Amino acid sequence: MTLSINGRKIEVTLGQRDNTLQEFISGLPNLFGTHFGCGKGLCGACTVHLNGVAVRSCQLLVKDLSGQEITTIEGLNGGSSDELHDVQQAFLDENVPQCGYCMPGQIMSASSLLNMDPNPTNETIKLGMSGNLCRCGTYPRIVKAITRASEIRNQKEG
Amino acid sequence: MGAKLSRRKFLVSTGWIAAGTTVSFVTPGCSILPTLPTTSDDSKNEASSWIQMLDDGRIQFYMGKAEMGQGIMTGLSQIIADEFGIPVSKIKAIIPSSKQIKPIRMTVGSESVETLYAPLKLASIRLKSNVKEIAARKYKLMVSKMEPVPGGFQLKNSSQFYSYQKIMGGDKNTEVKNEPSQKESVKSSRLDLKTKVTGKATYSRDINIDGMLHGKTLYPPVFGATLKQVNDKVVKTLPGIVAIVVNIKENFAGVLAEDEPTAKKAIDLLEASWNMPKIWQQEEIDNLIDPISLKKRGIAPHTVYSSGDWEEGHQLAEKRIQLRSYTPFGTHAPMETWAAVVSVSEEGVKAWIGSQDLFYHQSKLADICGVSKDNVEVYGTYIGGGFGGKVGIVAAFEAARLSMIVKRPVSVRWSREQLFQASYHRSPVKHQIEAGLDKEGNVCFWKHEIGSGPVIFNPQLISRPLQWATSFVSDSGGTRGAIIPYDFKNRELHFWDEKLPVPTGAWRGLGATSNAFATETAVDELARLLGKDTLKFRLENINENNPRYRAVLELAAKKGNWGEKTPPNMGRGIAAVSYKDKTFVAVVAIVSLEEQSVVVNKLICAHDCGLMLNPDIIRSQIEGNLIWGLGMALKENLRVEDGKFNADNFDGYPILRSHEIPEIEIHLIEDKTIAPSGAGEPSIAPTPAAICNAVSSITGRVINTLPIPEQIL
Chain A
1 MTLSINGRKI
11 EVTLGQRDNT
21 LQEFISGLPN
31 LFGTHFGCGK
41 GLCGACTVHL
51 NGVAVRSCQL
61 LVKDLSGQEI
71 TTIEGLNGGS
81 SDELHDVQQA
91 FLDENVPQCG
101 YCMPGQIMSA
111 SSLLNMDPNP
121 TNETIKLGMS
131 GNLCRCGTYP
141 RIVKAITRAS
151 EIRNQKEG
Chain B
1 MGAKLSRRKF
11 LVSTGWIAAG
21 TTVSFVTPGC
31 SILPTLPTTS
41 DDSKNEASSW
51 IQMLDDGRIQ
61 FYMGKAEMGQ
71 GIMTGLSQII
81 ADEFGIPVSK
91 IKAIIPSSKQ
101 IKPIRMTVGS
111 ESVETLYAPL
121 KLASIRLKSN
131 VKEIAARKYK
141 LMVSKMEPVP
151 GGFQLKNSSQ
161 FYSYQKIMGG
171 DKNTEVKNEP
181 SQKESVKSSR
191 LDLKTKVTGK
201 ATYSRDINID
211 GMLHGKTLYP
221 PVFGATLKQV
231 NDKVVKTLPG
241 IVAIVVNIKE
251 NFAGVLAEDE
261 PTAKKAIDLL
271 EASWNMPKIW
281 QQEEIDNLID
291 PISLKKRGIA
301 PHTVYSSGDW
311 EEGHQLAEKR
321 IQLRSYTPFG
331 THAPMETWAA
341 VVSVSEEGVK
351 AWIGSQDLFY
361 HQSKLADICG
371 VSKDNVEVYG
381 TYIGGGFGGK
391 VGIVAAFEAA
401 RLSMIVKRPV
411 SVRWSREQLF
421 QASYHRSPVK
431 HQIEAGLDKE
441 GNVCFWKHEI
451 GSGPVIFNPQ
461 LISRPLQWAT
471 SFVSDSGGTR
481 GAIIPYDFKN
491 RELHFWDEKL
501 PVPTGAWRGL
511 GATSNAFATE
521 TAVDELARLL
531 GKDTLKFRLE
541 NINENNPRYR
551 AVLELAAKKG
561 NWGEKTPPNM
571 GRGIAAVSYK
581 DKTFVAVVAI
591 VSLEEQSVVV
601 NKLICAHDCG
611 LMLNPDIIRS
621 QIEGNLIWGL
631 GMALKENLRV
641 EDGKFNADNF
651 DGYPILRSHE
661 IPEIEIHLIE
671 DKTIAPSGAG
681 EPSIAPTPAA
691 ICNAVSSITG
701 RVINTLPIPE
711 QIL
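Quick note, the sequences are listed as chains A and B, same order. Per the numbering used here, the very first residue in the first sequence carries number 1; after that it's consecutive. Per the numbering used here, the very first residue in the second sequence carries number 1; after that it's consecutive.
These are calculated hints, taken from the structure and not from any lab test. Since the structure is predicted, the reported quantities are computational estimates derived from the model, not experimental observations. Incorrect hints may have been included.
Using C-beta positions, here's what the derived DEER-type ranges look like [claimed, not checked]:
| # | chain 1 | residue 1 | chain 2 | residue 2 | range |
| --- | --- | --- | --- | --- | --- |
| 1 | A | T121 | B | I674 | 35 to 43 Å |
| 2 | B | R297 | A | T121 | 54 to 62 Å |
| 3 | B | Q100 | A | R17 | 42 to 50 Å |
| 4 | A | R153 | B | G531 | 28 to 36 Å |
| 5 | A | S130 | B | E710 | 50 to 58 Å |
| 6 | A | S80 | B | L54 | 48 to 56 Å |
| 7 | B | S49 | A | R17 | 46 to 54 Å |
| 8 | A | V53 | B | S159 | 56 to 64 Å |
| 9 | B | A675 | A | N122 | 45 to 53 Å |
| 10 | A | P118 | B | Q60 | 53 to 61 Å |
| 11 | B | I483 | A | P29 | 50 to 58 Å |
| 12 | B | K145 | A | N122 | 54 to 62 Å |
| 13 | A | N119 | B | V149 | 55 to 63 Å |
| 14 | A | S80 | B | K44 | 42 to 50 Å |
Computed cross-link-like contacts, DSS-like style, restricted to lysine-lysine with a CA-CA straight-line distance of at most 30 Å [what the hints assert, rightly or not]:
| # | chain 1 | residue 1 | chain 2 | residue 2 |
| --- | --- | --- | --- | --- |
| 15 | A | K40 | B | K565 |
| 16 | B | K635 | A | K40 |
| 17 | B | K194 | A | K126 |
| 18 | B | K295 | B | K580 |
| 19 | B | K558 | A | K144 |
| 20 | B | K200 | A | K126 |
| 21 | B | K92 | A | K144 |
| 22 | B | K635 | A | K126 |
| 23 | B | K121 | B | K635 |
C-beta atoms are modelled at their ideal positions from N, C-alpha and C, and glycine is treated no differently.
Chain A on its own, in the form it takes in the complex:
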């Protein structure tokens, strides 16, 4: 079977079918941004998109994902090496990351949230992001960054 990750088809060996998606991604070269935090779906560090929607990759099995489109942090901005995704740019402009380890997961969750609700309130954001832990305490800045990204996006779309 093959998995589609960031638009590329990747071969899955028989032995890999029972891997979690996080384990599978972790074994691929150059896709080390999807981080392991807890292995139980409690922390959100491993968040990727499944058909554009945020999921915890440590809770999904590779064998169930045939034909699904998976996007990791590396693929969020379409793989561009220069231009950042709106949400990434907003996280940068608001000086969000501290240690940065939870950031890929936060950004994947945030971009999915905005896809579903382009004009979220502070409350919606806080609740929507409550699955992503941050021990450094960047939560207030994450909320600001998501609000900023939604405003920029609304401006772009006129």
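Since the structure of chain A is already known, use the hints to place chain B on it.
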């Protein structure tokens, strides 16, 4: 080894007590002097070797402190950038390996900016002077006629400008724009932002080397259990298994596999039986550190501070308090667990470890592999959260042991459960504060007794031979912040650091948060006894030589609308800390009780850490600290039950989530004539106390346990 040193000689030669010396090793593998964290360095002289100007006028900087989120990469680069008058983005900061710089002190204690400010400034001045001479020679100028300006030099009484880029030859044009001056540093972007939002930042858990194997290890089912027997019958047959490594004497059992999922499966299937020790319960551990129990058992404390005669003061007192306070085990819970890659080969040892002490790991790996330190190169990486929990990373030692056997690179990545159960944590602490007020309402005695497990002398980092030696020296991490800046008479501070069956060590703020919780709630109690406003009582008692402590209290109170009338279920609390007498911080908490549970509505913080290189980074550290302190006050609690911790993942140890964060307001005080002091830890310390004081202002009763018990009404 054979040599029998007298106790006194041993203490001196380890360097632990002799100030300013680093332990050095004579014979690897059978050293009398055990490996210790790196406590000192020669940064004053070494700093010049960390920086050089590149062809394009940028400055390359071997940034040897651990970047674990606190922004030190940017902060230290800022010092250099400011001196040259260039944007901080022109500093090419590199996380060095142990071959690229000489040993540097571990990154702890919120002290990096404070200790490296002068060395880096001096090094920058020296480098600038060298560049000036290069320019003088190149353009046949007189050095005395060249004035330093942002981005380069200008000829006196002329507009002729020479940029660094031009001087170093990286720019062939004669017209070079003068780069904007440095006071964009007020809200400069951190250097590590782009790499962290794109997922490109490398942490040691992410490292992938050609030919690398994955190692997983067993950990004891209860504290103190030792390995008896390992049965690898099933695991041996798993496809992809490369080796099973067992050393019963060393309590070591690990597996090596070509891929991580196989290694995980294997370690879960590996059958082991253990020699079961005494099974500890939390109450027994608490008893080990209880001042009352310790005194009954005839164990003398270290007297850390003593002034006057507390017994005399006790007689004078008309009103007295006796407060017994408790803070539980806590854990660092960094988002990245312990992980490291070590590669042992004929050429030597290479390792990739994201830790707070590069050179400690270099020494330790040299010991384990039986080679000299010159043969060990450790590469630093970004760190997914340190907080005191990554000074010594056992996963690295395990990777070394495994790599030695197969002579291939080995990555050991601890699971979250393993980190909870087998790493070191914040010790529980028991306090007893007795204090009294004389008939004038002055505090006429204050006796504070503290019982704690090790804070600085972490038994996981300090091998057995040294542990007995450390019992002669008071663990000053545990008493941090306990000598409070109030004019109380007849004061005593006693401290016990007791060995516990669970490894404990440093964590954010060390003992300061627990101590501030005990002392600042006690201060509130005293004020309440007098019927006085708790802020007013503090202001009346602050030592006159501490205007900065007074100033943060007053500012926090002002911004927190202290004294404003509130509905009966709402209240304000205040607490302040003088952190190492260098950073001063006060927090006001606004809290309400809703259906018997505590809701923190707002936290207001006033913070003074002297000259601020990057106020935005400082703000981000304060935000993180306030949130952590809030978590300590409301949620974080780790207990030993039946010989192990009652939680081993975030479901059992809930750290705060985004929807639980109240409004946070931060006010920074800056006196640019005061040298920069730390911001990475101080603001955590007064936070739980402020919250508890706010609750007490509503209930009228002191809170003496963290987290705040459910039943407070």
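For each hint, the structure was consulted:
no.	hint	verdict
1	A:T121 with B:I674: 35 to 43 Å	holds (42 Å)
2	B:R297 with A:T121: 54 to 62 Å	holds (58 Å)
3	B:Q100 with A:R17: 42 to 50 Å	holds (44 Å)
4	A:R153 with B:G531: 28 to 36 Å	violated (57 Å)
5	A:S130 with B:E710: 50 to 58 Å	violated (22 Å)
6	A:S80 with B:L54: 48 to 56 Å	violated (27 Å)
7	B:S49 with A:R17: 46 to 54 Å	holds (53 Å)
8	A:V53 with B:S159: 56 to 64 Å	holds (60 Å)
9	B:A675 with A:N122: 45 to 53 Å	violated (39 Å)
10	A:P118 with B:Q60: 53 to 61 Å	violated (43 Å)
11	B:I483 with A:P29: 50 to 58 Å	holds (54 Å)
12	B:K145 with A:N122: 54 to 62 Å	holds (59 Å)
13	A:N119 with B:V149: 55 to 63 Å	violated (48 Å)
14	A:S80 with B:K44: 42 to 50 Å	holds (45 Å)
15	A:K40 with B:K565	violated (46 Å)
16	B:K635 with A:K40	holds (20 Å)
17	B:K194 with A:K126	holds (24 Å)
18	B:K295 with B:K580	holds (29 Å)
19	B:K558 with A:K144	holds (26 Å)
20	B:K200 with A:K126	holds (26 Å)
21	B:K92 with A:K144	holds (29 Å)
22	B:K635 with A:K126	holds (18 Å)
23	B:K121 with B:K635	violated (43 Å)
In this structure, the hints that do not hold are numbers 4, 5, 6, 9, 10, 13, 15 and 23, in rising order.
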